[in-house]
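**Q** For the protein sequence lines, the chains are A and B, in the order given. Counting in my numbering, the first sequence runs from 1 upward without gaps. Counting in my numbering, the second sequence runs from 1001 upward without gaps.
Keep in mind the hints are simulated off the structure, nothing from the lab. Treat the hints loosely; a few may be bogus.
Claimed, not checked - Take a look, some chain A residues computed to stay more than 10 Å from chain B by CB distance:
hint, residue
1, E2
2, L38
3, T39
4, I61
5, D63
6, S79
7, L96
8, E115
9, Y117
10, V143
11, I178
12, N182
13, R201
14, G206
Stated by the list, open to error - Taking lysine-lysine pairs in the DSS-like style, the calculated list, with each CA pair at most 30 Å apart, reads:
hint, chain 1, residue 1, chain 2, residue 2
15, B, K1057, A, K97
16, A, K59, A, K123
17, B, K1192, A, K185
18, A, K90, A, K185
19, B, K1119, B, K1071
20, A, K97, B, K1065
21, A, K175, B, K1119
22, B, K1184, A, K123
23, B, K1192, B, K1065
24, B, K1127, A, K175
25, A, K97, B, K1071
26, A, K64, A, K175
27, B, K1057, A, K59
28, A, K90, B, K1041
29, A, K175, B, K1057
30, B, K1184, A, K90
31, B, K1109, A, K123
32, B, K1192, A, K123
33, A, K97, A, K112
All figures in this text were calculated on a predicted structure; none of them were measured in a lab. All residues carry an ideal CB built from backbone N, CA and C; glycine is no exception.
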Amino acid sequence: MEPVAYVGIDIQFTRLTTEDRERGLVFLYLYDLPYVDLTAYAGVIVTNHVEEQFLLEHKTILDKYLLQGGVIFSMTEISLPWLSNVANWKRSPIPLKDREIIIEQSNCSLFKGIEPYDINYRKGVRGFFSRGYFEKIPVHAEVLITDQSGVPILYVDRHSTNGTIFAGAGTDIYKVFINEENTSKKLSMQMLDCIRDEAIRNDASGGTGK
Amino acid sequence: MIGIVTNGLPFQNRFFAEQEFHYLYDEVLHIRHFHQYDLTKYDTLILSCRIDIRSLKRSQSQLLKFINAGKRLIIFGEILDCWFPTIDWEDSEVNFSWWVRDGGDLPMKMQHNVHPLFKYVTLHDMKWHYHGSFLPPEGAQSLLDIPNGRSLFYVDNVSFNGELVVTTLDPMFHIGLGFIDQSKPFLHGVAKWLREEETQ
Chain A
1 MEPVAYVGID IQFTRLTTED RERGLVFLYL YDLPYVDLTA YAGVIVTNHV
51 EEQFLLEHKT ILDKYLLQGG VIFSMTEISL PWLSNVANWK RSPIPLKDRE
101 IIIEQSNCSL FKGIEPYDIN YRKGVRGFFS RGYFEKIPVH AEVLITDQSG
151 VPILYVDRHS TNGTIFAGAG TDIYKVFINE ENTSKKLSMQ MLDCIRDEAI
201 RNDASGGTGK
Chain B
1001 MIGIVTNGLP FQNRFFAEQE FHYLYDEVLH IRHFHQYDLT KYDTLILSCR
1051 IDIRSLKRSQ SQLLKFINAG KRLIIFGEIL DCWFPTIDWE DSEVNFSWWV
1101 RDGGDLPMKM QHNVHPLFKY VTLHDMKWHY HGSFLPPEGA QSLLDIPNGR
1151 SLFYVDNVSF NGELVVTTLD PMFHIGLGFI DQSKPFLHGV AKWLREEETQ
């Protein structure tokens, strides 16, 4: 099982559990990014707890990793251009209590078997999945999640680089649903599976430098 | 003069873009460059919620020197690894759904009601959820207690030469992300209290 990096600053909300580590998730301290070789990981999850200016200062590291066929799953409410072709996050004008998260038909297994209700509500409260959207996405990107207005909330882009970029408009979909007692509980493991599948696919197509 | 410390996280950047809170602070300090600042010009330093713990540990001696010079230090959010002396933090499960349940409540009680902060802040303004609680040191004043006797907000004028204000509440996070309506009146209340203190 190849490790997947989980990038963030060190706060309560980025610390990993024993279960996370058993799944091969490894905490990668944001400020260690210049000193690591990202090809040591099957993929890199970038949380919403990152200093974007620092990422922008080290954009070449991420660009090089993608050039080598790397897999980056961003969950950041992006406001600076540190990740290739990912547009800025916009706050949704739809009140959270009225906003419906929609799972689009796709061959991607990220949301397979997950009931839309279970990612729309946590204990009766709406708004955890995302509070925003992307105003635009790359031309060939595959949209996985939208809302009732049709704006993209999560997509996968396999064309802008040699690697794969999953971009989500905020919220840590690895952690937020991990302890729920419904179908959303599967999301965290399916996220790691998707990342590893992409890494294998990219490797097979010769994208990776490994 | 009031300085506020940020980590440059997306929600923090959006909080600082909110014009209505610009009167809360005079200058923004970045935790990554904290060792470069001259803190002597500030009367109050505010640490935003969700700042990198490793960076805070590296700033500990500067912050202790600051508060022991008779200044006020205000810390929002979780306190991990006992990174600042005297603060006894305990994690708790977050009850974020009490308000959608019939008759639901999140019990908490104001203490020391004569504290000047309460000219500007109500119990409702402080009541959304919390991620943990504190056991204030002997002699410190809790302003907000939960039923087990622990505190969500206290003011400590006995442990240092200056004043330490600590709260589990995380208004910058919620204002930056645009949810939890109470977070705005709460932080406006804190701002008005601090600015009133400046004029005295």
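**Q** For a C-alpha distance cap of 30 Å, please report whether K1184(B) and K123(A) respect it.
**A** Measuring from Cα to Cα gives roughly 24 Å; hence the hint holds.
**Q** Non-interface claim for L38(A): all C-beta distances to chain B beyond 10 Å?
**A** holds (20 Å)
**Q** Check the hint pairing K64(A) with K175(A) against an upper bound of 30 Å on the C-alpha distance.
**A** With a Cα-Cα distance of about 28 Å, the restraint between K64(A) and K175(A) holds, given a limit of 30 Å.
**Q** K97(A) and K112(A) were given as a pair; does the straight-line alpha-carbon distance stay at or below 30 Å?
**A** Within the cut-off at roughly 25 Å; holds.
**Q** Does the no-contact call for L96(A) survive, Cβ to all of chain B over 10 Å?
**A** violated (6 Å)
**Q** At 10 Å, judged by beta carbons, does G206(A) keep clear of chain B as stated?
**A** holds (35 Å)
**Q** Report holds if the minimum CB distance from V143(A) to chain B is greater than 10 Å, and violated otherwise.
**A** holds (22 Å)
**Q** Has the given pair, K1192(B) with K185(A), been kept, meaning a C-alpha gap of at most 30 Å?
**A** violated (43 Å)
**Q** For the pair supplied as a hint, K1057(B) and K97(A), confirm whether the alpha-carbon distance does not exceed 30 Å.
**A** violated (39 Å)
**Q** What's the verdict on K1127(B) and K175(A), does the C-alpha distance respect the 30 Å limit or exceed it?
**A** OK: K1127(B) and K175(A) at ~24 Å, within 30 Å.
**Q** CA of K1192(B) to CA of K123(A), is that 30 Å or under?
**A** violated (35 Å)
**Q** Check the hint pairing K175(A) with K1119(B) against an upper bound of 30 Å on the C-alpha distance.
**A** Violated: K175(A) and K1119(B) sit about 39 Å apart, past 30 Å.
Violated hints, listed in ascending order, are 6, 7, 15, 16, 17, 20, 21, 25, 28, 32; each of the other numbered hints is respected by the structure.
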